[in-house]
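4 protein chains.
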Amino acid sequence: MPGNQFGKLFSITTFGESHGYGIGVVIDGCPAGLPISEAFIQAELNRRRPAQSALVTQRKEPDKIEILSGIYEGISTGAPIALFIKNNDQRSKDYDHLKHSFRPSHADFTYHQKYKHRDYRGGGRSSARETAARVAAGAVAKLLLQQHGITATAWVSQVGHLALQTPYSQLPLQNIEATPVRCPDLALAAQMEALIKQVRKEGDTIGGTVSAVITGVPAGLGEPVFDKLHARLGMAMLSINAAKGFEYGSGFAGAAMLGSQHNDIFYQTPQGSIATYTNNSGGIQGGISNGMDIFFRVAFKPVATILKPQPSVDVQGNAVVVEGKGRHDPCVLPRAVPIVEAMAALVIADFLLLNKSAQLG
Amino acid sequence: MPGNQFGKLFSITTFGESHGYGIGVVIDGCPAGLPISEAFIQAELNRRRPAQSALVTQRKEPDKIEILSGIYEGISTGAPIALFIKNNDQRSKDYDHLKHSFRPSHADFTYHQKYKHRDYRGGGRSSARETAARVAAGAVAKLLLQQHGITATAWVSQVGHLALQTPYSQLPLQNIEATPVRCPDLALAAQMEALIKQVRKEGDTIGGTVSAVITGVPAGLGEPVFDKLHARLGMAMLSINAAKGFEYGSGFAGAAMLGSQHNDIFYQTPQGSIATYTNNSGGIQGGISNGMDIFFRVAFKPVATILKPQPSVDVQGNAVVVEGKGRHDPCVLPRAVPIVEAMAALVIADFLLLNKSAQLG
Amino acid sequence: MPGNQFGKLFSITTFGESHGYGIGVVIDGCPAGLPISEAFIQAELNRRRPAQSALVTQRKEPDKIEILSGIYEGISTGAPIALFIKNNDQRSKDYDHLKHSFRPSHADFTYHQKYKHRDYRGGGRSSARETAARVAAGAVAKLLLQQHGITATAWVSQVGHLALQTPYSQLPLQNIEATPVRCPDLALAAQMEALIKQVRKEGDTIGGTVSAVITGVPAGLGEPVFDKLHARLGMAMLSINAAKGFEYGSGFAGAAMLGSQHNDIFYQTPQGSIATYTNNSGGIQGGISNGMDIFFRVAFKPVATILKPQPSVDVQGNAVVVEGKGRHDPCVLPRAVPIVEAMAALVIADFLLLNKSAQLG
Amino acid sequence: MPGNQFGKLFSITTFGESHGYGIGVVIDGCPAGLPISEAFIQAELNRRRPAQSALVTQRKEPDKIEILSGIYEGISTGAPIALFIKNNDQRSKDYDHLKHSFRPSHADFTYHQKYKHRDYRGGGRSSARETAARVAAGAVAKLLLQQHGITATAWVSQVGHLALQTPYSQLPLQNIEATPVRCPDLALAAQMEALIKQVRKEGDTIGGTVSAVITGVPAGLGEPVFDKLHARLGMAMLSINAAKGFEYGSGFAGAAMLGSQHNDIFYQTPQGSIATYTNNSGGIQGGISNGMDIFFRVAFKPVATILKPQPSVDVQGNAVVVEGKGRHDPCVLPRAVPIVEAMAALVIADFLLLNKSAQLG
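Residue numbers (this note's numbering), protein chains in the order written: chain A, 21 to 381; chain B, 21 to 381; chain C, 21 to 381; chain D, 21 to 381.
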């Protein structure tokens, strides 16, 4: 029910602020008997970690995972799994000048309007640092999905005007982690990298898109009528900081198509299962998975913090000038990849559990 | 918690099937003291009703609203408000030939996989007829929003390749209801109308987009971190039948922008409030409304039922041919407009109530 | 989430008022494939119905069940099951004199304070007539429990000072429906009946207790730590109109015992399962069922409406005299029996579904 | 939604095990702007702490509160408040002999049945050590209630056969903390203390009851029809370890009364508010507070761990003998007092927030 909770049966509650004591998450509803590898959670966190490459913020955070509860002898017990990540590199001083000012396109103004009293340091609760908790919880969800042969894989499909046009099925997805930008097309990745460095040099930032595919999802996941699989996926993705749009399957391009073009024709496979020749449905029909790959795309705006002076107002409405200091991402996309995967895994894990009650017996 | 429920404090549960006894909704959480106009609910339903124009399905449904509970002497009592719409025109025979076959890109196959036993007539629960309940509940939400000076207005912004390029602020929104296609640009509306008629003549269908703007929303609505205002809006829109994508503010176009272009600069208005010069944020920053207009766009695929024979399979996996019969929409867009408005109103009503607990006192 | 909803996976939302159009319920989460007997639902409603005997209110309500959705060819489809019961005998005039007055120990005053605008006729939403919806939904839950060999049986164990002392295991529970008072001890039942008639003659009312046993519950139901099985059972029972207390197993008597007396010693049955010699635990340990019978007791106060003049105040605080008119129950207990069973069945059905996610696989 | 969460708007999620790393809680929904005194939270924890007197377990736990998030400069920000209490004195060895055996009337067997893999040390998640998290969260709720002039006060009203008969309004409640047994009647407290010491000497344990009163609650709290104020209070109390029963107002005694005796007559006070002469309603009518004191009583069974050998079975069903070792409470009652208060405060805080949406405006 509360706003910091996501999921109905495989449910997470995150807490913590950018410059507070740390960031954490409680997973309530993970089935008992699941082997939990601390090393795997750490590896996922490392993919999101600051300072992992020259393309991202150089804030020094080891993002070391601590397991506070719910796991005994390496295996889940059905009790809540609490995970915590201490904040180490809290240069709160960097934010002193922003205590009373609203940074453009940040959450400073809206949090002030909503809560009056706020932790302004690094954006406090509104900081994308909160997504570390999502990645940690998503790693546990991924371990559950592994047991069902399900994988969630994301990559950067656009930076600025540089957009990947190739369908995902023809992409060498094994290359994703080969470049700091996490685009599987290595030639395009190099261009993206150059563009991000150029933008950073100018003290500016740039947006882009992340695409993802979920494979191995059995038919039947998703809950009519409001909790359609793509509706929950969309909410999950849109809840990530800086997200501006979501589409799945044919997406916005499908709006220009005819029914006779768009419909996915069913056939029986040699193995006796039912599949479709095309997949404009993106693996989801009527809000429920049909057994085909689920794929989608998420748009992210450019990071709001730029290293240039910008006019703004303070809490009294007076005109001020604000300027980003310190260590910021010129482009959120590379680090968004593990976050998108984590949220996808959390959605699917939840629907797997919910689907156990669909039929009698 | 269940999949047929939406909203936390202003919460709705819908029920009913396309060819069953009727469609209904229970609204739990509407504050006491709200004058409820049955005529207004009926008027909203009339905007979604079949056979309202030559562009839509000619199924004969009066969609007459019945108020079953929760209202006394025309005013809400705080008790659940149950609304019901009888089904009248149930030509179930039209579906006999589909009892054991899966129509392409419908929910037949996925419902069969999920539930085994299903009401196949007209899609049963998966039919867009369910959205009548949403429009009825949305009308009540709109009445609540009226008390706060908030309006939600949607229109058709694309049909097939015909797309409206004008920013909403320059559109004559008062024209929306002037044409059956519900596009405020009357010249483009005429083209859209012609295109839909052409598509229908060919027994085909076509997709499009709906755009919407919500005005009068005070700053502070939305609940960090998962229930961001745009995340809930996105889920709401994506839960509408045939929806394929959602974007707000700068949306997917924002992905190609620089931070220095995208940031919305704050200023103090002569009246002393704080506003932004541009509105790439779409009225939402950090998941919370900032007092500017909220605007967004939803993509819809072409209707899956086409009046042409299509290959498919039956429940045993045998190859069959299916062909749409009877009365179907060639284009869902005109009737989607009141549904988009209804879902938007439901989201904002819920956040209005949730926001009452944000601050002490 | 809303207050008119109960249950997480097998979830119900009730609606309707005493003197409105009718009473209804939407069940969301009933698994597909369950045969639903309308006759069984009706039979359960008949056990709660007014005018079923000389001991209860003579209000003439057939309480005819109507199934509005969710069932196709007699079997649940996984879609929401909406059930409706029209109100027929609405003598609203009986309440005109109470429009502005607060009846002692009714909800008139508190509803007025909470909602200001209220439907005062017959108590409106606060009327025990709402429990008809619970009984109808409980009947569906009972059908689900039948599939698992689980039964819920309740009876009247006390009326006024007349209390049944025999442990339930020694009671002839088959006698429950043999007397209008629903006490399985026929001699005591006769005394209770005489007492109720005497009380009615005096224009007064009287309280009592209902006891219940749930058999066949497998070990493992209940969700730590807040949704303990007995905590949810307790909430369910206390949510019934006029309930004042709840105890399970040894209950309040257990408070006076020593641990060495109270502990239930485990042993292995000849069939290889694990059981306990005694059952002070009431079938629940640590909030989770242990496979033994679950039993509990609920206290109900005397009905607040008495046919005697009582001093009170009106909405302005002026002193008034109120006097019950019309047709009221002198004792709620006999009709509470099917309500207690219904709520018990709803709780267990929900935990059955929730428990499917306890372990991996 | 998950079992380790309680509350809808003022919502808590607890985590942690008896012999794990620690115990914690995330409070989601505390309004921004509330001054939070760490010293007050610590003081409340001290009232529940082991080894606080000779009457309770001598386990050495400082139960030092750590605030992980949600508070900035001593004031809540609206972000989740995470609180953590490290476990220090983990003599896990004391439980090695119980790894495969089920202690009578503990949760060992039921957790094993539900989850298979479990942390058996000290009961793991089922340990009453979890209630430390409730007391910490309850302290924050109490601070919120203070702002509204609401107090929740509990005391021991029965130990074994020694029961307090005096109505709460005639008790010197200021004496509660004066004795280790927390009974305001000092003479009876001395007897209780002697009884507990006697029972401990025999290696046995003993049950009892806690009573409580909540003052200053405005009329209007509680949500019809399932979330009645007393139904949520009852669930909250029954979710405390070892609870066996709950009653409010006249409670079980009310079952023996006539309506003419039980009804609480309204009158207008000289100050113009409406009150009742008697309070059999326990401050709640129709599930909603009426402005009078709310009072209730909770039954607790004797602690299951006794220092005597008891027969039992192991996971294979073999007969074994188990015997409590180490440091256990002979009577849970004195330490239950702050837990009852905490749960009461959490319930009222939640209803205070929920009630903000009852009426328009």
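Fair warning: there could be bad hints in the mix.
One copy or any two copies: either way a pair holds, since identical chains are not told apart in the list.
What the hints assert, rightly or not - Listed below are the simulated DSBU-like cross-link pairs for lysine-lysine, each with C-alpha atoms no more than 35 angstroms apart in a straight line:
(1) 113 to 376
(2) 119 to 376
(3) 113 to 84
(4) 376 to 80
The hints are simulated quantities; they were obtained by calculation from the structure and are not laboratory data.
Hints versus structure:
no.: 1; hint: 113 to 376; result: between (51 angstroms within a copy, 33 angstroms between copies)
no.: 2; hint: 119 to 376; result: between (49 angstroms within a copy, 25 angstroms between copies)
no.: 3; hint: 113 to 84; result: both (23 angstroms within a copy, 29 angstroms between copies)
no.: 4; hint: 376 to 80; result: neither (43 angstroms within a copy, 39 angstroms between copies)
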